[in-house]
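Just so we're aligned, residue 9 is where the sequence shown starts under our numbering, counting upward by one.
In case anyone wonders, no lab produced these hints; they're calculated from the structure. Built from N, CA and C at the ideal position, the CB exists for glycine as well. Please note: incorrect hints may appear among the correct ones.
Claimed, not checked - Label-pair ranges, simulated between beta-carbon atoms:
| # | residue 1 | residue 2 | range |
| --- | --- | --- | --- |
| 1 | P221 | S311 | 18 to 26 Å |
| 2 | L222 | H166 | 25 to 33 Å |
| 3 | R180 | G157 | 23 to 31 Å |
| 4 | A71 | S252 | 37 to 45 Å |
| 5 | S158 | R70 | 23 to 31 Å |
| 6 | I175 | T299 | 44 to 52 Å |
| 7 | H166 | L241 | 20 to 28 Å |
| 8 | V146 | D192 | 32 to 40 Å |
| 9 | V146 | G117 | 25 to 33 Å |
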Amino acid sequence: MSREGSHWSPVPPCARPGADHSHRARPLEAGRKKQLALSCWRASLRIRWEGCYRHRMAIRSRALLETPSVIVALSDHGGEAVPAGLEEEICDHYCVNFVESGEFGLAVGRGRWRLGRGDAFAWHPFARQAYVHFRDAVPDVCLTVRFRGSAEREIERHGHLAQTVGIPVLPRTNGLGFLRFRLDHILRDGEPLALDQWSADLLEVVRAPAKGPLLRALDALAPRIEQSRARMLAGCAAPHSLASLAAGAGMSPFHFARVFRALVGVPPHRFLRNVRLDRALAMLREGASVTTTCYAVGFNNLSHFIRSFRRRFGSPPSHSGKKAQARLRVPMA
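Take the sequences, apply the hints, and build the full model.
Set out below in C-alpha cells:
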C-alpha cells in the first residue's frame with residue numbers, strides 16, 4: 009500500500025505513443041489565453057464547501073462532531089465507482105485530512121504523492137491541488153478536520169499551516185498517530201470541549217513535527233499512554249511520580265518516559281507541570297489567592313510555583329487574579 013511521500017507520475021496526453029508534440033513549442037494565442045482565464049474564473053466561482061474534502065468527487069459526507077471553531081466530518085464515495093482521471097480544485101478553507109482507507113493521487117505544483125490509509129494532508133486557502141483516482145485502487149474514505157471561527161482566525165494570525173501550501177502531505181510521526189488515536193475516543197464520547205483542545209494540539213504537531221523513528225506497536229502503546237495522560241488531567245493535584253505513572257501503564261519508568269515523550273511531545277513531568285499551571289491560571293481568574301492556588305493544583309513550594317508560572321505565562325500569578333485584572337481595566341483619572 010501507499011507510504012507517506014510515495015510518488016506517482018501521471019502520463020500526460022503529449023507523452024502517449026502517437027501523440028502530436030508540436031503544440032508544446034507553440035505559445036497560446038491571445039484568444040486562447042483569454043478563454044482559459046475565463047474558464048478558470050468561472051470554475052473558481054463554483055467552488056464551495058459542502059462538508060466533504062473534494063466537492064466534485066465525494067458523493068456523501070457526514071458530520072461526526074462540531075464546535076464553533078472546528079468540525080469533523082467523514083467523506084466517502086457512497087460505494088459508487090469513482091471516475092479515473094485528474095480533478096483540480098482550489099482550497100477555500102483550512103483543514104487537515106486523514107486518509108482512513110483506499111488510495112488516490114495528490115498533486116501540488118510539481119509534487120506528486122500517492123496517499124493511502126495512515127496518510128494525512130492539509131488544505132490551505134487559495135492553494136491549488138489536483139487529485140486522481142486509479143482504476144485498480146479502492147475508493148478512498150477521509151476524515152476531515154475543518155477549522156472555522158476563532159480557530160481559523162488564529163491560524164491566519166500565526167500562520168500555523170503556512171508550510172503546507174507547497175507540501176500538503178504531513179510527515180508520519182508518532183505525535184500525529186497518537187492524535188489520530190485520541191480523536192477516535194473524542195468522537196466516541198462526543199466531547200466538544202475535548203475536540204477544541206485536541207485541535208489546538210493538532211496545529212502544534214503540524215507546525216513543529218517531532219523527529220524520530222516511528223514506534224512499533226503504536227496501537228498497543230497509545231491506549232496506555234492516553235490512560236496516563238487522562239489520569240494527570242483528571243487529578244493534577246495528586247502526588248504523581250514517574251514510577252507510579254509507569255506502573256499504572258505497565259511499563260518500566262525509562263520505557264514509559266520515552267514512549268510518553270514520543271507520543272505526547274513533552275516528558276511526563278513537563279506535561280503534568282503544564283496541566284497544573286493551566287489549572288492555576290483558571291483558579292486565579294476565578295478569584296482564588298496565589299497561596300491557595302499553589303497548593304490546590306499540586307505544587308508543594310510557593311516560590312517554585314511563582315517561578316514556573318512566570319516562565320509559562322510571562323507574568324507572576326499575582327497579575328492574573330480578578331483584582332489585578334480589575335485594576336488594569338480602571339481608566340486613569
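For each hint, the structure was consulted:
1. Taken as a hint, the range 18 to 26 Å is violated for the pair P221 and S311, whose Cβ atoms sit roughly 40 Å apart.
2. For L222 and H166, the hinted distance range of 25 to 33 Å is satisfied, since their beta carbons lie about 28 Å from each other.
3. Checking the proposed 23 to 31 Å range against R180 and G157 shows it holds: the Cβ atoms sit about 29 Å from each other.
4. For A71 and S252, the hinted distance range of 37 to 45 Å is satisfied, since their beta carbons lie about 40 Å from each other.
5. Range check, S158 to R70: Cβ separation about 24 Å, and the 23 to 31 Å hint holds.
6. Checked against the hint of 44 to 52 Å, the pair I175 and T299 passes, with Cβ atoms roughly 50 Å apart.
7. Look at H166 against L241: about 25 Å separates their beta carbons, and that is inside 20 to 28 Å.
8. The hinted range of 32 to 40 Å is not satisfied by V146 and D192, whose Cβ atoms lie roughly 21 Å apart.
9. Between V146 and G117, the C-beta spacing of about 27 Å keeps the proposed range 25 to 33 Å intact.
Taken one by one, the earlier hints fail for this structure at numbers 1, 8, listed in ascending order.
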